[in-house]
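Use the sequences and the hints to build the structure in full.
Line order of the protein sequences matches chains A and B.
The opening residue of the first sequence carries number 9 in my numbering; numbering runs sequentially from there.
The opening residue of the second sequence carries number 9 in my numbering; numbering runs sequentially from there.
There could be a bad hint or two in this list.
Heads up, the list lumps identical chains together, so a pair's fine if it works in one copy or across two of them.
[Unchecked claim] In silico DSSO-like cross-links for lysine-lysine, where the CA-CA straight-line distance does not exceed 27 Å:
1) Lys344 <-> Lys196
2) Lys67 <-> Lys344
3) Lys167 <-> Lys251
4) Lys120 <-> Lys196
5) Lys145 <-> Lys114
6) Lys167 <-> Lys183
7) Lys104 <-> Lys344
8) Lys209 <-> Lys94
9) Lys193 <-> Lys217
10) Lys67 <-> Lys276
11) Lys183 <-> Lys209
12) Lys183 <-> Lys276
13) Lys217 <-> Lys373
14) Lys104 <-> Lys183
These are calculated hints, taken from the structure and not from any lab test.
There are 2 protein chains.
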Amino acid sequence: MAKYKIWVVAAATLLLLAGCTSLPGTSSSSSSKATKKLQTTGKVTDSMYEGVIDNGQYKTSQTRGLTTQQSNTSFDVKSLESGLLKLSKEQFPTSKYVFQEGQSLKTAQAQKWLARKSKTNTEGLNPEDNGQKDPNKRNPIYLQQILEQDYLGEDGSMKGMSIGLGMNQVDYYTKEQYGATFETKISKAMMTQQGKQMANKVLSRMRQKKGLSDTIIVIGLYKQAPKDSLVGGTFFAYGVSKKGSTTIDSWHELNQENQVLPVVNDEKAINQDDATAFNSFKTQVETFFPNLSGVTAQTHYEEGVLAGMNITVNTQFYSETEIMSFTQYIATAADKYLPRNIPLDISITSAEGMQAYVGRASGSKGFTTHVFGSY
Amino acid sequence: MAKYKIWVVAAATLLLLAGCTSLPGTSSSSSSKATKKLQTTGKVTDSMYEGVIDNGQYKTSQTRGLTTQQSNTSFDVKSLESGLLKLSKEQFPTSKYVFQEGQSLKTAQAQKWLARKSKTNTEGLNPEDNGQKDPNKRNPIYLQQILEQDYLGEDGSMKGMSIGLGMNQVDYYTKEQYGATFETKISKAMMTQQGKQMANKVLSRMRQKKGLSDTIIVIGLYKQAPKDSLVGGTFFAYGVSKKGSTTIDSWHELNQENQVLPVVNDEKAINQDDATAFNSFKTQVETFFPNLSGVTAQTHYEEGVLAGMNITVNTQFYSETEIMSFTQYIATAADKYLPRNIPLDISITSAEGMQAYVGRASGSKGFTTHVFGSY
Numbered sequence: 009m010a011k012y013k014i015w016v017v018a019a020a021t022l023l024l025l026a027g028c029t030s031l032p033g034t035s036s037s038s039s040s041k042a043t044k045k046l047q048t049t050g051k052v053t054d055s056m057y058e059g060v061i062d063n064g065q066y067k068t069s070q071t072r073g074l075t076t077q078q079s080n081t082s083f084d085v086k087s088l089e090s091g092l093l094k095l096s097k098e099q100f101p102t103s104k105y106v107f108q109e110g111q112s113l114k115t116a117q118a119q120k121w122l123a124r125k126s127k128t129n130t131e132g133l134n135p136e137d138n139g140q141k142d143p144n145k146r147n148p149i150y151l152q153q154i155l156e157q158d159y160l161g162e163d164g165s166m167k168g169m170s171i172g173l174g175m176n177q178v179d180y181y182t183k184e185q186y187g188a189t190f191e192t193k194i195s196k197a198m199m200t201q202q203g204k205q206m207a208n209k210v211l212s213r214m215r216q217k218k219g220l221s222d223t224i225i226v227i228g229l230y231k232q233a234p235k236d237s238l239v240g241g242t243f244f245a246y247g248v249s250k251k252g253s254t255t256i257d258s259w260h261e262l263n264q265e266n267q268v269l270p271v272v273n274d275e276k277a278i279n280q281d282d283a284t285a286f287n288s289f290k291t292q293v294e295t296f297f298p299n300l301s302g303v304t305a306q307t308h309y310e311e312g313v314l315a316g317m318n319i320t321v322n323t324q325f326y327s328e329t330e331i332m333s334f335t336q337y338i339a340t341a342a343d344k345y346l347p348r349n350i351p352l353d354i355s356i357t358s359a360e361g362m363q364a365y366v367g368r369a370s371g372s373k374g375f376t377t378h379v380f381g382s383y
Numbered sequence: 009m010a011k012y013k014i015w016v017v018a019a020a021t022l023l024l025l026a027g028c029t030s031l032p033g034t035s036s037s038s039s040s041k042a043t044k045k046l047q048t049t050g051k052v053t054d055s056m057y058e059g060v061i062d063n064g065q066y067k068t069s070q071t072r073g074l075t076t077q078q079s080n081t082s083f084d085v086k087s088l089e090s091g092l093l094k095l096s097k098e099q100f101p102t103s104k105y106v107f108q109e110g111q112s113l114k115t116a117q118a119q120k121w122l123a124r125k126s127k128t129n130t131e132g133l134n135p136e137d138n139g140q141k142d143p144n145k146r147n148p149i150y151l152q153q154i155l156e157q158d159y160l161g162e163d164g165s166m167k168g169m170s171i172g173l174g175m176n177q178v179d180y181y182t183k184e185q186y187g188a189t190f191e192t193k194i195s196k197a198m199m200t201q202q203g204k205q206m207a208n209k210v211l212s213r214m215r216q217k218k219g220l221s222d223t224i225i226v227i228g229l230y231k232q233a234p235k236d237s238l239v240g241g242t243f244f245a246y247g248v249s250k251k252g253s254t255t256i257d258s259w260h261e262l263n264q265e266n267q268v269l270p271v272v273n274d275e276k277a278i279n280q281d282d283a284t285a286f287n288s289f290k291t292q293v294e295t296f297f298p299n300l301s302g303v304t305a306q307t308h309y310e311e312g313v314l315a316g317m318n319i320t321v322n323t324q325f326y327s328e329t330e331i332m333s334f335t336q337y338i339a340t341a342a343d344k345y346l347p348r349n350i351p352l353d354i355s356i357t358s359a360e361g362m363q364a365y366v367g368r369a370s371g372s373k374g375f376t377t378h379v380f381g382s383y
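Right, dumping it as structure tokens:
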């Protein structure tokens, strides 16, 4: 059986949407919710959670940084975190709850849950190894990541929890140590079925933990991106368990997709108009400075509609004044060519690091720009 | 004689001060000053110049990217550019002038000017090689960089020019090819005297070029930072030539200093209160996440008063939610500990690149924050 290091990203806080957010100049922030001496990070906008601080230190998850042998892309790690945070906001308004990295699920236990079920690991959520090596005969690893996020009341008491289950659509495996990589494809139907079953198991187990018998628990099912993807996966379903229930009775289906632009090979654009708009922008920007190394975008769709775009412009080294001109030009071109009414996040980077960024926040028409200067 | 590649950063545009600037949502920007079909980059704030575009391409300097064998630090390149831009704004208001990278001084000529004077190079501004190898007997290289910036009227005509001369306070040299590096130290008095003499020579030569006989020309004298510096140098004098004069009759002295915090070895802080404030901030932030790789700052002083601070926080990889908490915490700590009423620029970076930034614009009390997300 493959040896597993395990990715458990029980982490998370404060969803910062694209765009600039302002912290009022007052120093009201630290401990502003400290009705019972709960120390928090302070808050920069109402759309963000405050995070818990314990004795001046950030309360990190015990399980951060673990990885399976089939490691997640960093895109998957980030998308699972920020997607779960977004789902959580609907249940746990940022005005009433404080964020805490997942503390209930401990490292050792998470490792057991993510591993295969076996005689020595009865807690394993993934199926037993049936000894088969054939892609279609073996039992694949369905569950790849598990993520816990905690939502506290202003007095520091545990009020809510969100759990994300990262489900594989492809399980990558080797037949022997250091051998070639094979793939077991997992159908959408099977991934969904397995995810919902595991969600109920996880829920029953969490209900038995101290202080969680009656907590509101949100469980989200997340589809991992393929291994070579340059964008993370998406959530495809979630359910809310109230009043101590041990099953999710009602699942909400989510239709989300991510795609990298420009599309390569014979891939079809999710939305041709968006792809065309991006290509116009790309062409315009590449003409401006002839030696750009590349302009690519991550796009995010919800229910078939473009919901956001992250663009990276790679430059060779240019002088600071050129970067300044370039930044203004990019803001102008983005305004002219890119789809309106969506959040935009454009990073201008060189081998020396990020040089500038141009952003448009959700719901905003104006752009914000920043050139990273040096004295 | 040493073989010279030459740094000529005849470049520049649009000073973007720290902080977020907003582009109105309209697409009024491109060519908005095109009274005579002059195409420009568009403008994001009134404090910035628009830059010239030629046939859809940015008009780069012919001389960008050249370097002397004794290469400049990238800090020196940036500081010379942005410092000259700042001086220029006083003479050429951004509301009336359009920026263009320097076009009058061509590559080959700039190389000649920066090289030593010799029988084959009568144009050399640096002194003849007197054959001496001793640090105190040889003629050092006084002039290290030359930078031209052009300021056009709205009709595209040449209205003003700024020239920055980068003067060495230390000339690094070798006695033989690939040999050890020696240093000739240059006194402040000698650097100033040489700079002012060279400024007059440059001015007379520029006046002979086509279209420049009557243009307002600003000449700034810049002190190069030492080779191992983690911050750039500063301008120490400037003069303005009007009505076709071929000498700068009146020099304005500037008292500017840059320093990296925390100070190391036995270096003395320029201002102890600022250094102490920074150390409090650093300690606070390092406590929050125990595994930070480092917190450093570039400080900039004008006439003895702190005028700005760029802070870099290096982190190991953290989850996106941790970065979000961290960012809010940094804004809170910056507000609490760092000096007020100065522009602040705080970058939070990991090996994967910039993760987030926190900024406070000149004259602003509020902070802007941005976490770089991923789908």
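message = With identical chains, the pair Lys67 and Lys344 could be close in the same copy or across copies; at 27 Å between alpha carbons, which is it: within, between, both, or neither?
response = Answer is between: at 21 Å across copies they meet the 27 Å cutoff, but 44 Å inside does not.
query = Is it within, between, both, or neither for Lys104 and Lys183, if the alpha carbons may be no more than 27 Å apart?
reply = Intra 50 Å, inter 71 Å, cutoff 27 Å: neither.
request  = Measure nothing new, just compare the shortest in-copy and cross-copy C-alpha distances for Lys183 and Lys276 to 27 Å and report within, between, both or neither.
outcome  = neither (33 Å within a copy, 63 Å between copies)
task = Up to 27 Å between alpha-carbons, please classify Lys120 paired with Lys196: within, between, both or neither.
result = Within one copy, since 25 Å is at most 27 Å while 69 Å is not.
inquiry  = Checking an output row: Lys209 and Lys94, CA cutoff 27 Å. Within, between, both or neither?
reply    = Result: close within a single copy only, 23 Å intra versus 64 Å inter.
message = Reference check for the pair Lys193 and Lys217, CA-CA at most 27 Å: within, between, both, or neither?
response = neither (35 Å within a copy, 71 Å between copies)
request  = With 27 Å as the alpha-carbon cut-off, assign the pair Lys167 and Lys183 to within, between, both or neither.
outcome  = Cα proximity of Lys167 and Lys183: none, with 45 Å in one copy and 73 Å across.
ask   = Under a CA distance limit of 27 Å, which applies to Lys183 and Lys209: within one copy, between copies, both, or neither?
value = This pair counts as neither: shortest intra-copy Cα distance 30 Å, inter-copy 76 Å.
task = With 27 Å as the alpha-carbon cut-off, assign the pair Lys104 and Lys344 to within, between, both or neither.
result = The answer is between: 25 Å across copies meets 27 Å, while 39 Å in one copy does not.
inquiry  = Within a copy, between copies, both or neither: which one fits Lys217 and Lys373 at a CA-CA cutoff of 27 Å?
reply    = neither (47 Å within a copy, 46 Å between copies)
ask   = Is it within, between, both or neither when you check Lys344 against Lys196 at 27 Å Cα-Cα?
value = For Lys344 and Lys196, neither the intra-copy (39 Å) nor the inter-copy (51 Å) Cα distance is at most 27 Å.
request  = Evaluate Lys167 and Lys251 at a C-alpha cut-off of 27 Å and name the case that applies: within, between, both or neither.
outcome  = This pair counts as within: shortest intra-copy Cα distance 12 Å, inter-copy 75 Å.
When each numbered hint is compared with the structure, violations occur for hints 1, 5, 6, 9, 10, 11, 12, 13, 14.
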